[in-house]
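Chemist: Residue numbers (my numbering), protein chains in the order written: chain A, 1 to 433; chain B, 1 to 433.
What the hints contain is simulated information worked out from the structure, not anything from laboratory work. Be aware that a few hints might be false.
To be verified - From the structure, some residues in chain A lie toward chain B, with a derived Cβ separation under 8 Å:
{"#": "1", "residue": "Glu57"}
{"#": "2", "residue": "His61"}
{"#": "3", "residue": "Ala323"}
{"#": "4", "residue": "Tyr354"}
{"#": "5", "residue": "Gly357"}
{"#": "6", "residue": "Ala394"}
{"#": "7", "residue": "Ser410"}
Glycine included, each C-beta is placed from N, C-alpha and C at the ideal position.
There are 2 protein chains.
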Amino acid sequence: MALVVVGGVAAGLSAAARARRIDPRLEITVLEQGPVISYGACGLPYFVEGRVREARELVVHTPEYFRKDRNIEVRTGARVVSISHPRREVVLADGRRVRYERLVISTGARPDSAGIAGADQPHVFRLHTIEDAERMRAFLRERRPRRAVVIGAGYIGVEMADALRRNGLRVTVLERGPNALLRDDGETTLAVRRQLERHGVELRTEVEVRAIEPDRVADVPCDMVVLAAGFKPNTELAAEAGVEVGRSGAIRTSDRMETNLHGVYAAGDCAEVTHLVTGRPVSFPLGTTANKTGRVAGANAAGGRERFPGVVGTSIVGIFGMAFATTGLSVEQARAESFSPVAARIEGLSKPRYFEGRKTTVELVADRNTRRLLGGSVIGEEGAAGRINVVATALHARMCVDDFEQLDLSYSPPFAPVWDPLLIAARQLAKML
Amino acid sequence: MALVVVGGVAAGLSAAARARRIDPRLEITVLEQGPVISYGACGLPYFVEGRVREARELVVHTPEYFRKDRNIEVRTGARVVSISHPRREVVLADGRRVRYERLVISTGARPDSAGIAGADQPHVFRLHTIEDAERMRAFLRERRPRRAVVIGAGYIGVEMADALRRNGLRVTVLERGPNALLRDDGETTLAVRRQLERHGVELRTEVEVRAIEPDRVADVPCDMVVLAAGFKPNTELAAEAGVEVGRSGAIRTSDRMETNLHGVYAAGDCAEVTHLVTGRPVSFPLGTTANKTGRVAGANAAGGRERFPGVVGTSIVGIFGMAFATTGLSVEQARAESFSPVAARIEGLSKPRYFEGRKTTVELVADRNTRRLLGGSVIGEEGAAGRINVVATALHARMCVDDFEQLDLSYSPPFAPVWDPLLIAARQLAKML
């Protein structure tokens, strides 16, 4: 039996590797249009920053590794231009055809140009592939730009603002919407704004950019632009082959990561997943989800029987050493989903003062009718990742705030205060409900 | 109505404060036998070490604060010698009597001398009260001891070994049982031993100490001894009054923290709590649990209706900068509780290498029949507290390993690797079941 995987980054290679484990005799071919496979795209901002010295530090495995160690054929520079499902074959740009019995579509997503004119000038960058990052590094080194505009205050936008500022540039971030970090959450946006400003980066929200001029964007003069206005799932190839695309804009999948076409799976940034808080399909392109959905797609494509239940929407981003972590729904998002959200926001310490505990802001959101936790955010220089993961775990378990309040969390002075900020927030929230 | 609270540290004062919130007119009296109330006992090792400079940094509130701000009468030096429940009064050492309608017993626990002879010599210390710690500090300063023996490799034992070593002493820890950290877990003990040895502290297990000589313990020469052989709940006062004591040695309580005597509550180190993994009552003396059970006891004593569901047995201790965190049951403990435990132990990184990720060891234990998670441990210099809290949250939710494997944990290079060590361990464990 032949499995073809379209796309050789996180989801595609997870699928191929998992399929190989399930069926040692499966014929597996991975087709990647770019020159490099298996890289950690989330590390790209740190390569631009300079913390990661060489692009190859971000490459996990080479095609040779997959060929020799996993018996998986990986072809780079292999761009699939169409899928003919009735004939069970994919057609490459060079006209060659590859037959499949099972297909995994992991075509990823691409930076959204958001209809902005002038986005193809040499001083305008996206951050999606290793080549993008290398081009940006070369530009920084050779042209020594002094002022940058970052379009978009999502994760990559703020990470790039941080990376460029650390390279000595003046940076302005322009965001179309009212909020940062793709979350309808004014308090978090305010905290992001303050942290950016504290480090000399300006954030302007509700600025609609229509065109990039050679020397400015909107009224901000600059000699470098980073376009980070979000991603669009690459679904065209799939859609033309009859694969159904959901309302989120990504490919519809079952919890086995199968599309509407039998034997055709989708995984990674191009595929929908279920949001476990709302129960609805969403497009939530993240590296971890790509790896997980890839594994499930690969397992099922190889004859296994696994399911991917979904995500709770956990994210974290570091801005000049401060973590902004969110999971589940914000108050506004919960309201839009017809919950009756109530939120408690508290400030605590990550550890006791005598262990130099840092300020930690926790917000928890619950539904007034059911007392079920709906989401939360944790902002702080220390321990935010661990704390948001506790909230994420509680969301997976559909925990109510009263149970959350009683969690037996670890305590010892070098690690946490006796009342963890999470529990203080839960206590506060329980009182308000 | 009159509420009397016996004991003015964590549980007692939490009870009093919570009762006051529920009923502003309640007459509340806290009787503390010692001279100081409301101190963070868990901070005492750091006071001995010198990181905490003044004992008063560990004191959260004074009797004056409670009197003025909370309208709670707190008497120090007030030792209760008996409780007459039929008369609803407690008798103090000075013969005075205090009447109650509701009583909270929060008498704590005391260091167990474990039948060791010579435990009252001036060079022998316990670490339980602020006075104990001050006495030890004075001894270190004035006598300049050079070799210490710590009896007991529980939490306080290893914390004291760390604190004394940092003060320049040669330290040997003698433990009666085969394992450290009160957990039947050979791998964790091995890791503790290695970490202690790396910092010049010797750990000897299965050494039964019968006597402390003036210049040695067993065959280890020393001029200072710390007795940290565990705690005994202070239940005598309660038992004499007819309060039932459980098989764990602590006071039996309902999930409302009420004892068998109506209107008499128990909380903190002297009270049993339910272990949520086994469903059985245990004595698990920890500061967090004392605060939580105190709150519930206080609320119910004041006419509220709250419950304390129980603990999952989460602990964390730092030894020379490395965290040893455990929750739930170890394999051996699970076997003793008639589960069919299977464990996976993996080594991962706390973050990507280019963010200087540190080695992180995760063990997860699940039941072969139900696939339910039973416990885990996390050892590492970074992120262990957050990770053990995720496992603890999953234990509260009675999660199975397959659901745990799919947790949507936060990922971004400054904070975690794309596959969190927790998920790698879960994946491994799911395969083994």
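Chemist: Next step is simple, just say for each hint if it's right about the structure.
Modeler: Going through the hints against the structure:
no. : hint   : result
1   : Glu57  : holds, 6 Å
2   : His61  : violated, 13 Å
3   : Ala323 : holds, 6 Å
4   : Tyr354 : holds, 5 Å
5   : Gly357 : violated, 12 Å
6   : Ala394 : holds, 6 Å
7   : Ser410 : holds, 4 Å
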